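S.K.: This is what each chain is made of:
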Amino acid sequence: MSAVPARESLASAGSANALELRGVSRLFGALAALSDVTLSVRPGERRGVLGSNGAGKTTLFNCITGDFAPSTGLIRFFGEDVTAFPPQERIRRGLRRTYQISSLFTGLSVLDNVYLACRGVSRNRFSLVRPRRDDALVHAAEGLVEAVHLSAVKDRLVGELAYGQQRQLEIALALSGAPRFILFDEPAAGLSPTERRDLVHILTSLPAHIGYIIIEHDMDVALRVVESVTMMHNGRIFKEGRPDEIESDPEVQELYLGGGHG
Amino acid sequence: MAIADLNLEQRARTREGFPAWLARRGTAFWVVAVLLLVMPAIASPFWLVQIFAYSMILGLVALGLMFLAGYGGIVSLAQMTVAACAGYLVAILGDSAISQISLHWPWWMAAPVAILVATLFGTLSGALSVRTEGIYTIMITLAIASAFYYLALQNYTIFNGFSGFNGIKPPVFLGVDWGQNLPFYYLTLACSALAYGAVIYVSRAPFGLALQGTRDNPRRMAALGFDVVAHRIAAYAFASFIAACAGVLLVWYQRQISPGTAGVGPVVDMLIIAVVGGLSRPIGPFIGALVYVLLRTFSLDMLEGVGLDGKRYQLLIGLGFLVIVLFSPDGLIGIWQRLRERYRKGSEAREAGMRIGGGSP
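Going down the list, the protein sequences come from chains A and B.
Here my numbering is used: the first residue of the first sequence is 1, the next is one more, and so on.
Here my numbering is used: the first residue of the second sequence is 263, the next is one more, and so on.
If you're looking for bench data, these hints aren't it; they were derived computationally from the structure.
A quick note: this is a predicted structure, and the numbers were derived from the prediction, not measured.
Mixed in with the good hints there might be a few duds.
[Unchecked claim] Covered stretches of chain B (in silico footprint by chain A; criterion: 3 or more residues with CB under 8 Å from a CB of chain A, positions within the stretch not fixed): (1) 314-320; (2) 460-466; (3) 476-485.
[To be verified] With the C-beta cut set under 10 Å, the calculated list includes, among others, these residues of chain B facing chain A: (4) 488; (5) 609; (6) 610.
Don't be surprised by glycine CBs; every beta carbon is placed ideally from N, CA and C.
Work out the full structure: start from the sequences and follow the hints.
M.R.: Okay, here's the thing in structure tokens:
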């Protein structure tokens, strides 16, 4: 009787994988966007997910964050079974994500966007009292705005920002609070070469305990910021390995690197 | 300029002193504030109560709708129903001419309980409709409003059916009869100013910001750790509280309440008032309400003056609504902002022209 709680507490103490998926499937009608995906990522590990369009990469993210419930399967986050949790509960446990198409609050200022992100993972989300000027969360938000080089535009409405700036803000929102694991969904899409360099810098200078999974088509970005790669194809995991192994794998080249993406 | 104004507001997020906030107000704010304060010296009792106090009461009901729609993206038609519910409760719990139903509680018990129960009612109807979006929210809240209307119309044991309640008297306390024109005007003015200030304040507090976040992007809000449904229900509660206070004032103003107060007509009128005034700022609903009351009051004479049937005043309101929605999606507030912007651009251009001209001799 006492064995299970003991194992649970041990698991959440840090010996468990950051993320563990067992037999996760997601059906849209008859279409299996994900079928029987089993995946585990260690704390602090940086993993790339590759695959052609429709391989199920974004659906995988949506299942992990809880935007969609998986049709079958189990998801554990730092040892805790979060399969039935709504998104906000997973986020409050240290999971973060960015979106492929920027998903921001266009009617609010840059600073307010980041402030909301910081507030979302703290207490007093329903507070009716305005924050003081020396509020810790306001400072945290300003720090994050600076970290993604947006200090100059922090009072501008997000709807007025350039595309690249919105992508940077997208990342700032994912870094709010105390993230333990982040899902990046094509963060480099549409960025200029300079902005890509900034992005690589931001990713490689994240604290070592923060692991992430990154979906990225740009090999220059993807292979420089990950230590392991998972290849997906038609909703299934097709191959896993080190970046150089995957890059030189003939099957992978046949399927993905040579398959119209060059 | 509108954008610059918005940015000013964005920067004011952190807490500032009330004097600092006052100092940032423009001329228009001060003119309106002083005018409203000295109104009893200028206006006749008819204008004071039938026009201004009544407008402010309707403006309060619509203010709740503006809060929901402008900040939360929720269009609820049940606002007037919440106000009518509070009005009915004041009549049922307190004193009225229907003494076999009224419980004759003193006003200081009846009014707070009425506000509390009506707020609860508004929150529950919000919880019912919260998982829907857009047109479906409108449909559900319209269904709730109709249900309340028919309940009040057909129930005689509690709501006294078609005739409702009359003989409801505003309270007398602190030695003042609050039903008199002057005290009643200042009472509604104070309530309106408080609610207006509260909406502005809350809109920049974490709760209000989060509500605007759920309006712009509910999915991302959940991905930031917010419970979107709970936030929307809390917004319903806040808006219902404002509507409930307005309902108490309304029943004191009318001194009677009947199912017609909660009919489908008045319910939709609230939406018209809020949209005509403008959903982007809390002052919008008050302007919309003033225009509505003026049209309602004077269009009869105007129409008869040009030889039309005076009962067609709804036609004027409808036409005005159409024109405003067609030409200015953000209501009269939007027209005002655009005029001001044009005026500023014009004066800047004139100044520039004068500088160039001044250099030549």
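S.K.: Now tell me if each hint is right for this structure.
M.R.: Going down the list of hints, with the structure as the test:
Restraint check on the segment 314-320 of chain B versus chain A: 0 residues with Cβ-Cβ distances below 8 Å, three needed, restraint violated. Counting residues of the segment 460-466 of chain B whose beta-carbon sits less than 8 Å from any beta-carbon of chain A gives 3, enough to reach three: the coverage restraint holds. Only residues whose beta carbon comes within less than 8 Å of a beta carbon in chain A count, and the segment 476-485 of chain B has 8; three or more means the coverage holds. For residue 488 of chain B, the interface hint holds, the least distance from its beta-carbon to any beta-carbon of chain A being 5 Å, beneath 10 Å.
At its closest, the beta carbon of residue 609 of chain B sits 25 Å from a beta carbon of chain A; the interface hint therefore is violated under the 10 Å criterion. At its closest, the beta carbon of residue 610 of chain B sits 21 Å from a beta carbon of chain A; the interface hint therefore is violated under the 10 Å criterion.
In the structure shown, a violation is registered for the earlier hints numbered 1, 5 and 6, in ascending order.
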